[in-house]
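2 protein chains.
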Amino acid sequence: MFAAAELGHVLDKEQYKIAADQLRQQLLTIQYQLKDRADFPVVILLGGVPTAGRGQVANLLLEWMDPRLIATHAFSAPNDEERARPPYWRYWRVLPPKGKMAILFGGWYSGPMWDQLTSQPDSVQYEHELGKIIRLETMLADEGALVLKFWLHLPKEQLKKRLKKYANDPLTSWRFDETDLWFLDHYDEVMASQQDLLQRTNLADAPWRVIESSDERYRDIAVGTHILEAITHHMERTSVRQKRVNAAPLMPSIDGVRLLDRLPLDADLSKESYNEQLEELQGRLNGLTRHPDFKKYSVVCVFEGMDAAGKGGAIRRITAALDARQYRTIPIAAPTEEERAQPYLWRFWRHIPPHGQITLFDRSWYGRVLVERVEDFASRADWMRAYGEINDFEAQISLANVIVVKFWLAISSEEQLRRFKEREEIEYKRFKITDEDWRNREKWDAYIEAGSDLIERTSTAIAPWHMVGANNKYYARLEVLRHLCERIEAALGPQKAGKKRKAT
Amino acid sequence: MFAAAELGHVLDKEQYKIAADQLRQQLLTIQYQLKDRADFPVVILLGGVPTAGRGQVANLLLEWMDPRLIATHAFSAPNDEERARPPYWRYWRVLPPKGKMAILFGGWYSGPMWDQLTSQPDSVQYEHELGKIIRLETMLADEGALVLKFWLHLPKEQLKKRLKKYANDPLTSWRFDETDLWFLDHYDEVMASQQDLLQRTNLADAPWRVIESSDERYRDIAVGTHILEAITHHMERTSVRQKRVNAAPLMPSIDGVRLLDRLPLDADLSKESYNEQLEELQGRLNGLTRHPDFKKYSVVCVFEGMDAAGKGGAIRRITAALDARQYRTIPIAAPTEEERAQPYLWRFWRHIPPHGQITLFDRSWYGRVLVERVEDFASRADWMRAYGEINDFEAQISLANVIVVKFWLAISSEEQLRRFKEREEIEYKRFKITDEDWRNREKWDAYIEAGSDLIERTSTAIAPWHMVGANNKYYARLEVLRHLCERIEAALGPQKAGKKRKAT
Numbered sequence: 056m057f058a059a060a061e062l063g064h065v066l067d068k069e070q071y072k073i074a075a076d077q078l079r080q081q082l083l084t085i086q087y088q089l090k091d092r093a094d095f096p097v098v099i100l101l102g103g104v105p106t107a108g109r110g111q112v113a114n115l116l117l118e119w120m121d122p123r124l125i126a127t128h129a130f131s132a133p134n135d136e137e138r139a140r141p142p143y144w145r146y147w148r149v150l151p152p153k154g155k156m157a158i159l160f161g162g163w164y165s166g167p168m169w170d171q172l173t174s175q176p177d178s179v180q181y182e183h184e185l186g187k188i189i190r191l192e193t194m195l196a197d198e199g200a201l202v203l204k205f206w207l208h209l210p211k212e213q214l215k216k217r218l219k220k221y222a223n224d225p226l227t228s229w230r231f232d233e234t235d236l237w238f239l240d241h242y243d244e245v246m247a248s249q250q251d252l253l254q255r256t257n258l259a260d261a262p263w264r265v266i267e268s269s270d271e272r273y274r275d276i277a278v279g280t281h282i283l284e285a286i287t288h289h290m291e292r293t294s295v296r297q298k299r300v301n302a303a304p305l306m307p308s309i310d311g312v313r314l315l316d317r318l319p320l321d322a323d324l325s326k327e328s329y330n331e332q333l334e335e336l337q338g339r340l341n342g343l344t345r346h347p348d349f350k351k352y353s354v355v356c357v358f359e360g361m362d363a364a365g366k367g368g369a370i371r372r373i374t375a376a377l378d379a380r381q382y383r384t385i386p387i388a389a390p391t392e393e394e395r396a397q398p399y400l401w402r403f404w405r406h407i408p409p410h411g412q413i414t415l416f417d418r419s420w421y422g423r424v425l426v427e428r429v430e431d432f433a434s435r436a437d438w439m440r441a442y443g444e445i446n447d448f449e450a451q452i453s454l455a456n457v458i459v460v461k462f463w464l465a466i467s468s469e470e471q472l473r474r475f476k477e478r479e480e481i482e483y484k485r486f487k488i489t490d491e492d493w494r495n496r497e498k499w500d501a502y503i504e505a506g507s508d509l510i511e512r513t514s515t516a517i518a519p520w521h522m523v524g525a526n527n528k529y530y531a532r533l534e535v536l537r538h539l540c541e542r543i544e545a546a547l548g549p550q551k552a553g554k555k556r557k558a559t
Numbered sequence: 056m057f058a059a060a061e062l063g064h065v066l067d068k069e070q071y072k073i074a075a076d077q078l079r080q081q082l083l084t085i086q087y088q089l090k091d092r093a094d095f096p097v098v099i100l101l102g103g104v105p106t107a108g109r110g111q112v113a114n115l116l117l118e119w120m121d122p123r124l125i126a127t128h129a130f131s132a133p134n135d136e137e138r139a140r141p142p143y144w145r146y147w148r149v150l151p152p153k154g155k156m157a158i159l160f161g162g163w164y165s166g167p168m169w170d171q172l173t174s175q176p177d178s179v180q181y182e183h184e185l186g187k188i189i190r191l192e193t194m195l196a197d198e199g200a201l202v203l204k205f206w207l208h209l210p211k212e213q214l215k216k217r218l219k220k221y222a223n224d225p226l227t228s229w230r231f232d233e234t235d236l237w238f239l240d241h242y243d244e245v246m247a248s249q250q251d252l253l254q255r256t257n258l259a260d261a262p263w264r265v266i267e268s269s270d271e272r273y274r275d276i277a278v279g280t281h282i283l284e285a286i287t288h289h290m291e292r293t294s295v296r297q298k299r300v301n302a303a304p305l306m307p308s309i310d311g312v313r314l315l316d317r318l319p320l321d322a323d324l325s326k327e328s329y330n331e332q333l334e335e336l337q338g339r340l341n342g343l344t345r346h347p348d349f350k351k352y353s354v355v356c357v358f359e360g361m362d363a364a365g366k367g368g369a370i371r372r373i374t375a376a377l378d379a380r381q382y383r384t385i386p387i388a389a390p391t392e393e394e395r396a397q398p399y400l401w402r403f404w405r406h407i408p409p410h411g412q413i414t415l416f417d418r419s420w421y422g423r424v425l426v427e428r429v430e431d432f433a434s435r436a437d438w439m440r441a442y443g444e445i446n447d448f449e450a451q452i453s454l455a456n457v458i459v460v461k462f463w464l465a466i467s468s469e470e471q472l473r474r475f476k477e478r479e480e481i482e483y484k485r486f487k488i489t490d491e492d493w494r495n496r497e498k499w500d501a502y503i504e505a506g507s508d509l510i511e512r513t514s515t516a517i518a519p520w521h522m523v524g525a526n527n528k529y530y531a532r533l534e535v536l537r538h539l540c541e542r543i544e545a546a547l548g549p550q551k552a553g554k555k556r557k558a559t
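Line by line, the protein sequences give chains A and B. All residue numbers for the first sequence refer to this note's numbering, where the first residue is 56 and numbers rise by one. All residue numbers for the second sequence refer to this note's numbering, where the first residue is 56 and numbers rise by one.
Derived from the structure by calculation, the hints contain no laboratory data. In this text the structure is predicted, and so the values were computed from the model without any measurement. Please note that a few of the clues may not be correct.
You can't tell identical chains apart in this list, so a pair holds if it fits in one copy or across any two.
Claimed, not checked - Here are the simulated EDC-like pairs of lysine to aspartate or glutamate, each with C-alpha atoms no more than 20 Å apart in a straight line:
(1) K216 / D240
(2) K487 / E271
(3) K68 / D310
(4) K528 / D447
(5) K298 / D260
(6) K484 / E233
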């Protein structure tokens, strides 16, 4: 991919002036259009050979355009906050909202590029990182983002010349360091592996632009022109954006029997027995969260199910066992304005707890394939692709020691009716019931269908669904606590789990 | 994915009879429609739990339909022919032509499923195999094939019951073996890893159907119904098939300068010096192909370039150095009828040489992105995705010790004109020039464009393009021989290469 960027492209001063004057005018105009439409963000990734001018290009873009609408981000070694969370958390943090732009130096490519050079070229880690990149960029594109990736290229001889020049001039010697010299020494291998990385991430919706950067004028006009053209093109495109369903179709069962239809909902449990076991389980949970090894893990707990299935009650029986500084409960309702300007998973990524902490989601990202599906808030193409995106999201955080525990609390239609009526009749429960609950109830069957599908598609080895029959709320609460303890024990290791079990 | 296939789906005898009578009639009808249209093949993959009835389902389908239009294939340990070639060669061999169906037991899933169980779950090999599967199935779908994947499922208890029953009856004890018992013993792990495999290969264009198989009647009707519906749906779909370009766009250079415009074409070399070096290089090549280690490798040599660039001449200078039993030259012209009924890479897969052999392609799979692009024989969507497919194809065969050597022989437009005229004037060269050559010449510029793009996109570390300025045909032939020797030497290892070089 680099041969075409070693042909000696050059612009003279006169050509440059004419092109630049026109270009900055056009870029400014389109930037304001983007702000006014506010229907997609622009993510610009800048990579390249040292001294090829990544910094200069970024500065120029900030000079040519309104810098209030562009953020720039560089990524060096992760800080404490970042280290305590899954690796991609720091990229999710800096995604620009719709209508704005961000320039990321290297971005999610920095890691794999250097890893690949310093470790085995076809290691598990490299394959894994590539997969993550491809899925992230595909998701961003599917969510409407414009992802622009530039590699500023210099032939080996050029790099050598520049480093020599910089080194000999005290005014410019700050411009390079040991890494640059290392790069020069390993130029051929770096380029071979970089080519592989670029070719394999040269996606239809997020292609690489390799820019010859020996001539600064050519480089600047080339980058600016590509940005202008891409945004113009994307504006025309998003308005008629094709919503092709790009996921395996759902398979309705031949005889109409669905997963949630067959779940046993009733259980026999007295209040006395409940109280006794509750205390025991809460003690067990508390002990687990105070275990020294728990500091290496975090827990994300998801509660889904029909209205009035007892999600809130179950959550409160968990939090009662925890130190208040250790957990947060996130009730999921309509997204905020800031959340609406981002890919839908962004609002959940921002709540991923650091190690040692627990986050309880009262409803969750499954809203995409549940309420948004049933109520037609998302297109079929959007919620269909969400199954894969959700599995990927959960796998990614699990790999970073986040224990993902998912509960589906299931009640019968009759039990829901009973609880609704009770809520209406008992004064202190009236806030819990709204007209919307009654409207949702009319779509009971569609929710069972959507629930069965989502459990089927998103029960993975690493983040399985635990279905709990919840007509008896005592039983359901104990079952939730017990399963949560078991999952944490499994993560902490069999020995510890064994010890704990005996102790309680 | 298996929970929904453990719900206890059942059909009674009466229901079955009615459904089966109708279904077999419909399947037969659609099978003949498929044959008449002959516009796509149907590939049915059958996997599942032992004793779930893969064989019975296949037999039933052959009974219900016209068996002359369905082939069945099982894959056990590879035979000699298969072992000497890349692993997927045996699957390419059995792809059904358009209008026909094939049932593959396990197919390309057999390997990774067992590997995953017996080795590390996230090994490089597993990731790699998954990628291969996904790219193969995506390619098949893009080429119009209907890929149907069935997993016949049984809950653990059912499997246990059946194995017990079979074991106790001498009439059925042949039905199972040690592997089945092993499967039962490891049921939970097998299912966990199988679920991961199914979820990750549950593609939009090649989804899995998990079929509950405890009840044979339900199983048979379910499989048959899915096949019928899928073919019906695919027939409606292919006629209006969307040709969305699903590849990174080509980036025209800002100043219009292209790769092949800048290649030096002329070289200075006398006939005497040529003859001398030719002999030396041919001897070197011959020595390499007789090296004991060469038996572990094969060579695929690709020649592309403008008409009259000297491809044939260069090939003959290679073959002159080889044992006639060791090589084949494949001139690529219009595809045969059989080839037209297959995905376009099929005609090249069939010529992949076994280890120890050399195949020389006079023109190649690059026709897709060259003549088919320029002449509009393929849609833009089709030739655009070909870049990725070709890189994948070459990577795959390279990994199986096929040395891929690609030459672009480049001449100037003036030189071509001189050669064309010479061909017309010299009687024994007249067969070499046709009206088509003159017509192609008019599209010189479009071919330069397409050639530059393809070199840019398909020069990979594992299968790089070697561009050769060929206005001086002596120089070009030597350069081809030299590069071929170097690539083989590099594959055989540095020591051998070093020794060889000194010896000649």
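We went through each hint and held it up to the structure:
1. K216 / D240: within (13 Å within a copy, 66 Å between copies)
2. K487 / E271: neither (64 Å within a copy, 48 Å between copies)
3. K68 / D310: between (74 Å within a copy, 15 Å between copies)
4. K528 / D447: Classified as neither; 32 Å inside a copy, 55 Å across copies.
5. K298 / D260: both (14 Å within a copy, 15 Å between copies)
6. K484 / E233: neither (67 Å within a copy, 61 Å between copies)
In summary, the structure is inconsistent with hints 2, 4 and 6 from the numbered list given earlier, while agreeing with the others.
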